[in-house]
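2 protein chains.
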Amino acid sequence: MDLHGAFHVYDTTLRDGAQQEGLNLSVADKLSIARQLDGLGVGYIEGGWPGANPKDTEFFRRAAQELDLRHAKLAAFGATRKAGVRAADDPQVAALRDSGAGVVTLVAKSHDRHVELALRTTLEENLEMIRDTVSHLKAEGQQVFLDAEHFFDGYRANRDYALEVLRTAYGAGAEVIALCDTNGGMLPPWVSDVVHDVIESTGVRVGIHCHNDTGCAVANTLAAVDAGATHVQGCINGYGERTGNADLISVVANLELKLDREVLPAGLLKESTRIAHAVAEVTNFPPASRQPYVGTSAFAHKAGLHASAIKVDPNLYQHMDPVGVGNDMRLLISDMAGRASIELKGKELGFDLSGDRELVGRVTARVKELEQRGYTFEAADASFELLLVEEAEGTRPSYFEVESWRVITETLTHAQAGEEAVSEATVKLKAADVRYVVTGEGNGPVNALDSALRTAIVQAFPEVAKFELIDYKVRILDQGHGTDAITRVLIETTDGESSWVTVGVGHNVIEASWGALVDGLTYGLRRHHVD
Amino acid sequence: MDLHGAFHVYDTTLRDGAQQEGLNLSVADKLSIARQLDGLGVGYIEGGWPGANPKDTEFFRRAAQELDLRHAKLAAFGATRKAGVRAADDPQVAALRDSGAGVVTLVAKSHDRHVELALRTTLEENLEMIRDTVSHLKAEGQQVFLDAEHFFDGYRANRDYALEVLRTAYGAGAEVIALCDTNGGMLPPWVSDVVHDVIESTGVRVGIHCHNDTGCAVANTLAAVDAGATHVQGCINGYGERTGNADLISVVANLELKLDREVLPAGLLKESTRIAHAVAEVTNFPPASRQPYVGTSAFAHKAGLHASAIKVDPNLYQHMDPVGVGNDMRLLISDMAGRASIELKGKELGFDLSGDRELVGRVTARVKELEQRGYTFEAADASFELLLVEEAEGTRPSYFEVESWRVITETLTHAQAGEEAVSEATVKLKAADVRYVVTGEGNGPVNALDSALRTAIVQAFPEVAKFELIDYKVRILDQGHGTDAITRVLIETTDGESSWVTVGVGHNVIEASWGALVDGLTYGLRRHHVD
Numbered sequence: 001m002d003l004h005g006a007f008h009v010y011d012t013t014l015r016d017g018a019q020q021e022g023l024n025l026s027v028a029d030k031l032s033i034a035r036q037l038d039g040l041g042v043g044y045i046e047g048g049w050p051g052a053n054p055k056d057t058e059f060f061r062r063a064a065q066e067l068d069l070r071h072a073k074l075a076a077f078g079a080t081r082k083a084g085v086r087a088a089d090d091p092q093v094a095a096l097r098d099s100g101a102g103v104v105t106l107v108a109k110s111h112d113r114h115v116e117l118a119l120r121t122t123l124e125e126n127l128e129m130i131r132d133t134v135s136h137l138k139a140e141g142q143q144v145f146l147d148a149e150h151f152f153d154g155y156r157a158n159r160d161y162a163l164e165v166l167r168t169a170y171g172a173g174a175e176v177i178a179l180c181d182t183n184g185g186m187l188p189p190w191v192s193d194v195v196h197d198v199i200e201s202t203g204v205r206v207g208i209h210c211h212n213d214t215g216c217a218v219a220n221t222l223a224a225v226d227a228g229a230t231h232v233q234g235c236i237n238g239y240g241e242r243t244g245n246a247d248l249i250s251v252v253a254n255l256e257l258k259l260d261r262e263v264l265p266a267g268l269l270k271e272s273t274r275i276a277h278a279v280a281e282v283t284n285f286p287p288a289s290r291q292p293y294v295g296t297s298a299f300a301h302k303a304g305l306h307a308s309a310i311k312v313d314p315n316l317y318q319h320m321d322p323v324g325v326g327n328d329m330r331l332l333i334s335d336m337a338g339r340a341s342i343e344l345k346g347k348e349l350g351f352d353l354s355g356d357r358e359l360v361g362r363v364t365a366r367v368k369e370l371e372q373r374g375y376t377f378e379a380a381d382a383s384f385e386l387l388l389v390e391e392a393e394g395t396r397p398s399y400f401e402v403e404s405w406r407v408i409t410e411t412l413t414h415a416q417a418g419e420e421a422v423s424e425a426t427v428k429l430k431a432a433d434v435r436y437v438v439t440g441e442g443n444g445p446v447n448a449l450d451s452a453l454r455t456a457i458v459q460a461f462p463e464v465a466k467f468e469l470i471d472y473k474v475r476i477l478d479q480g481h482g483t484d485a486i487t488r489v490l491i492e493t494t495d496g497e498s499s500w501v502t503v504g505v506g507h508n509v510i511e512a513s514w515g516a517l518v519d520g521l522t523y524g525l526r527r528h529h530v531d
Numbered sequence: 001m002d003l004h005g006a007f008h009v010y011d012t013t014l015r016d017g018a019q020q021e022g023l024n025l026s027v028a029d030k031l032s033i034a035r036q037l038d039g040l041g042v043g044y045i046e047g048g049w050p051g052a053n054p055k056d057t058e059f060f061r062r063a064a065q066e067l068d069l070r071h072a073k074l075a076a077f078g079a080t081r082k083a084g085v086r087a088a089d090d091p092q093v094a095a096l097r098d099s100g101a102g103v104v105t106l107v108a109k110s111h112d113r114h115v116e117l118a119l120r121t122t123l124e125e126n127l128e129m130i131r132d133t134v135s136h137l138k139a140e141g142q143q144v145f146l147d148a149e150h151f152f153d154g155y156r157a158n159r160d161y162a163l164e165v166l167r168t169a170y171g172a173g174a175e176v177i178a179l180c181d182t183n184g185g186m187l188p189p190w191v192s193d194v195v196h197d198v199i200e201s202t203g204v205r206v207g208i209h210c211h212n213d214t215g216c217a218v219a220n221t222l223a224a225v226d227a228g229a230t231h232v233q234g235c236i237n238g239y240g241e242r243t244g245n246a247d248l249i250s251v252v253a254n255l256e257l258k259l260d261r262e263v264l265p266a267g268l269l270k271e272s273t274r275i276a277h278a279v280a281e282v283t284n285f286p287p288a289s290r291q292p293y294v295g296t297s298a299f300a301h302k303a304g305l306h307a308s309a310i311k312v313d314p315n316l317y318q319h320m321d322p323v324g325v326g327n328d329m330r331l332l333i334s335d336m337a338g339r340a341s342i343e344l345k346g347k348e349l350g351f352d353l354s355g356d357r358e359l360v361g362r363v364t365a366r367v368k369e370l371e372q373r374g375y376t377f378e379a380a381d382a383s384f385e386l387l388l389v390e391e392a393e394g395t396r397p398s399y400f401e402v403e404s405w406r407v408i409t410e411t412l413t414h415a416q417a418g419e420e421a422v423s424e425a426t427v428k429l430k431a432a433d434v435r436y437v438v439t440g441e442g443n444g445p446v447n448a449l450d451s452a453l454r455t456a457i458v459q460a461f462p463e464v465a466k467f468e469l470i471d472y473k474v475r476i477l478d479q480g481h482g483t484d485a486i487t488r489v490l491i492e493t494t495d496g497e498s499s500w501v502t503v504g505v506g507h508n509v510i511e512a513s514w515g516a517l518v519d520g521l522t523y524g525l526r527r528h529h530v531d
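From first to last, the protein sequence lines are chains A and B. Counting in the UniProt record's numbering, the first sequence tops out at residue 531, every number present. Counting in the UniProt record's numbering, the second sequence tops out at residue 531, every number present.
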């Protein structure tokens with residue numbers, strides 16, 4: 001399918017997305033994300049503003065050498081020429097021209113007030129800036145798109161001028177005019193009306209660029225498409241300035257699955273969950289669990305009644321089969337869980353509990369009791385599995401006996417800036433009838449304990465050398481601001497092939513972490529010994 | 001205004017919201033949230049399912065005695081009677097009747113397949129269950145609403161039956177029929193068409209209940225209102241099963257600010273930011289920074305060009321004045337910050353830097369350098385202020401000289417379950433020419449260090465006795481899975497009146513925490529000494 005022809009999926013994660021609070025992308029991050037976006041099959045990747053932003057100049061330079069994109073074309077973003085200067089003489093325009101990107105997306109003011117107050121020039125000169133810059137870049141061999149900044153507000157303030165901006169850009173050779181709801185204040189019916197008018201009055205090819213300030217960015221985007229837009233802009237995972245841009249994944253999933261429009265290469269929508277999470281890893285911005293389609297909670301069912309129905313037919317409580325976006329259905333074990341939830345969860349983990357009502361009852365009761373004490377099994381499948389095994393076999397799996405542990409962090413005598421302290425843990429335990437006293441170091445107390453613990457048991461169990469702690473979450477429950485607060489820790493461990501999550505609870509955060517660490521190792525060891 | 005008359009704002013945070021993964025509300029939590037919701041001025045608070053859920057039975061019992069609601073009426077949620085039993089004889093229906101809530105919201109199947117597979121009864125019996133339960137509760141003096149579960153899917157599968165369900169409930173005395181997009185698969189134009197048809201064909205009073213599985217819950221809700229619905233359901237902060245319910249704050253803010261409909265008591269929309277965050281505190285589910293209207297990032301501006309324009313007029317980059325929802329505009333200091341951002345941020349913090357270009361230049365350069373090393377000032381205003389003062393006055397404020405610190409956590413000799421370890425910190429420092437060696441205890445290393453540090457300086461500075469650590473965030477940067485990773489810590493301190501955030505960076509997480517702790521105390525002391 002022609003991703004650069006009849007319908008455009010245009011991603012601006014690396015430019016508009018990077019303007020989100022908390023996002024800080026290096027050039028290496030950007031290249032990595034670009035590869036992921038290409039894996040999803042988007043038609044265009046807006047890489048940044050070369051010339052204005054040194055990091056972005058570097059990105060385009062390295063992209064030309066290192067990126068081997070299968071689907072996407074790279075686009076350079078930038079402004080129209082400065083007032084009173086010729087486009088051919090404007091160094092910022094030259095940077096766009098020379099960036100190596102095959103497409104340039106120019107942002108131009110389409111709101112008269114912005115022309116006067118922000119650009120501080122005349123309405124006529126602004127049109128000339130657009131005409132000049134677009135035609136210059138076209139003459140130099142670039143494909144040009146135009147972002148009509150603040151379009152919807154500008155249309156309301158001065159419809160004639162806003163439309164004139166569009167005609168000017170289109171007439172000069174811009175192939176798509178993306179109408180931008182820059183301040184994000186629009187609602188779907190208004191977008192629909194404006195897009196209809198624009199197409200009828202000017203005949204330009206319309207794109208749409210929405211922000212989520214009213215919570216309607218995705219709906220606004222779909223409304224524009226419904227009214228005739230054939231180019232959608234957004235950011236993966238809804239990154240972006242303030243409340244974010246339209247979540248491009250929701251947009252393409254809705255277009256393909258709900259509106260039967262093929263906008264990605266065949267089969268790539270299935271990759272969206274994997275890609276969404278891979279990009280989140282790079283951005284280091286924790287993914288929203290409730291994110292539509294790809295969030296970890298998107299197909300997670302908690303209510304006991306929902307579980308009972310799902311036992312009959314998953315479609316009774318899901319709007320689609322999650323496999324279409326590469327996601328999974330999950331049953332949550334909580335105090336809302338009933339026997340059906342426990343049975344289905346057990347089945348998910350490979351245990352057939354359907355024949356043993358008494359066991360299911362005991363597990364259900366144990367889960368509710370532990371949840372009262374602060375445990376959660378919702379996100380700690382490995383701990384839940386250990387509980388199942390303990391109830392089914394009568395004893396909890398155990399590979400070592402802990403005597404004691406301690407961990408100390410202290411300032412170094414000859415400290416350097418940024419390297420002022422070290423953490424050291426000492427663990428005493430017995431494994432395979434041998435007593436070990438081991439000290440480990442780390443960049444924090446939990447890291448040091450993990451190191452000491454694994455070193456202590458590696459002689460008896462060499463496989464733990466491959467284990468690694470990859471995620472760590474702490475939550476203080478019953479925030480009573482005192483030492484009676486309960487701390488809950490979730491730890492994710494990997495053996496290089498797969499990973500698992502365990503939970504620990506205690507009054508002391510290190511104690512809770514220790515519990516999760518021990519469970520994490522126990523689960524990993526059991527896997528290796530049972531398989 | 002009559003919150004229970006012409007237009008209903010109906011909150012289901014305590015029932016549907018509680019079905020969200022990661023949410024675990026105690027009865028005390030629910031009572032606390034109910035008070036907050038009442039503070040926002042919602043007309044109805046769905047408290048839970050008394051009879052089916054023991055926690056909820058308890059909630060309604062205590063609510064009757066302890067809740068003094070000014071605006072909201074409490075609603076009890078529950079199912080229609082069981083097949084083949086009379087409503088008057090069904091104990092679950094009795095629990096609803098006797099809950100003490102003035103309103104009962106019954107959930108009924110309106111999708112023929114659900115009647116057959118989930119309820120396992122006939123289509124006729126389902127209508128009788130609805131008719132019987134609604135009229136029974138009406139006769140017993142309750143106000144009754146009906147949630148038509150799976151309505152939109154049921155309408156598509158069997159329109160006649162779905163409409164018959166509505167007529168039956170309405171005819172039996174249900175005052176509102178809320179059409180539920182239970183599986184969340186709808187888009188706004190479809191909702192609009194269905195609601196128009198329902199109103200035209202049945203004349204019932206329509207309510208709307210949407211989930212966010214397509215990312216359009218808010219837009220779907222608004223589309224329903226536009227088509228004639230006069231009752232909106234949702235959850236504060238968009239909590240709820242799977243991807244969540246429609247975010248009730250976005251819904252009411254859009255209705256009031258964009259569609260000029262008065263749906264809350266006058267002046268209460270301004271409380272939404274405070275209330276949204278207060279509820280998030282109780283749920284212990286971290287608020288989404290990008291949440292529309294009330295998120296901390298909702299009016300946060302990062303791009304240097306945006307800051308330059310905002311210096312001229314904030315409305316150039318905001319769709320509304322954040323004061324309308326009780327939020328603030330924030331300038332973000334990042335590597336995208338230019339001089340304009342620094343100047344505006346300084347002004348926000350009370351420093352007039354407009355006359356000193358050289359100082360602004362030095363601060364801008366220092367910020368960029370520190371950000372390269374892992375610091376972030378985006379969310380750490382207090383650390384940024386200390387930096388400003390340091391550059392402006394030549395030396396960084398300092399009230400004590402630290403010699404060394406150490407913290408140890410170890411298992412107790414006579415341990416009890418859940419109380420197995422204690423953390424102990426020793427700090428050596430000089431304050432007001434006196435040397436102190438102090439040991440403090442805590443429920444974790446940082447807590448113990450904070451305790452020791454404050455005890456060490458309280459004799460020289462008695463005001464620190466009021467200071468308290470209230471929030472703590474850790475992020476590992478450049479996740480290189482090794483000891484070369486940088487850790488960044490953000491700490492929030494309060495003196496009982498206001499609070500401030502400081503940042504610390506280091507290779508060791510405790511070292512980074514120490515840096516943020518020291519800055520937190522320094523900032524607090526400076527405030528008390530300067531004011």
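Just so you know, not all the hints are guaranteed correct.
Note that the list lumps identical chains together, so a pair holds whenever it fits in one copy or between two copies.
Derived pair list, reagent style EDC-like, types lysine to aspartate or glutamate, alpha-carbon separation capped at 16 Å [what the hints assert, rightly or not]: (1) 73 x 124; (2) 73 x 2; (3) 55 x 369; (4) 428 x 495; (5) 430 x 313; (6) 82 x 256; (7) 428 x 124; (8) 368 x 226; (9) 428 x 38; (10) 347 x 256; (11) 258 x 433; (12) 347 x 369; (13) 270 x 125; (14) 347 x 260; (15) 55 x 371; (16) 347 x 68; (17) 270 x 124; (18) 82 x 381; (19) 258 x 89; (20) 466 x 29; (21) 258 x 463; (22) 428 x 410; (23) 466 x 66.
Hints in this document: simulated from the structure, not taken from any laboratory.
Hints, one by one, checked against the model:
1. 73 x 124: neither (33 Å within a copy, 58 Å between copies)
2. 73 x 2: Answer is within: at 12 Å inside a copy they meet the 16 Å cutoff, but 56 Å across does not.
3. 55 x 369: Classified as between; 14 Å across copies, 53 Å inside a copy.
4. 428 x 495: neither (24 Å within a copy, 42 Å between copies)
5. 430 x 313: Neither way: residue 430 and residue 313 sit 48 Å apart in one copy and 69 Å across, limit 16 Å.
6. 82 x 256: Cα proximity of residue 82 and residue 256: none, with 41 Å in one copy and 40 Å across.
7. 428 x 124: neither (79 Å within a copy, 69 Å between copies)
8. 368 x 226: neither (48 Å within a copy, 44 Å between copies)
9. 428 x 38: Neither. Shortest intra-copy (50 Å) and inter-copy (55 Å) distances fail the 16 Å Cα cut-off.
10. 347 x 256: neither (31 Å within a copy, 48 Å between copies)
11. 258 x 433: So residue 258 and residue 433 fail the 16 Å test inside a copy (61 Å) and across (72 Å) alike.
12. 347 x 369: Neither. Shortest intra-copy (22 Å) and inter-copy (53 Å) distances fail the 16 Å Cα cut-off.
13. 270 x 125: This pair counts as neither: shortest intra-copy Cα distance 48 Å, inter-copy 42 Å.
14. 347 x 260: Classified as neither; 34 Å inside a copy, 52 Å across copies.
15. 55 x 371: Between copies, since 14 Å is at most 16 Å while 48 Å is not.
16. 347 x 68: For residue 347 and residue 68, neither the intra-copy (42 Å) nor the inter-copy (46 Å) Cα distance is at most 16 Å.
17. 270 x 124: Cα proximity of residue 270 and residue 124: none, with 48 Å in one copy and 41 Å across.
18. 82 x 381: Neither. Shortest intra-copy (58 Å) and inter-copy (35 Å) distances fail the 16 Å Cα cut-off.
19. 258 x 89: neither (48 Å within a copy, 44 Å between copies)
20. 466 x 29: Neither, since 26 Å and 43 Å both go past 16 Å.
21. 258 x 463: Close neither inside one copy (47 Å) nor across copies (61 Å); limit 16 Å.
22. 428 x 410: between (21 Å within a copy, 12 Å between copies)
23. 466 x 66: neither (31 Å within a copy, 55 Å between copies)
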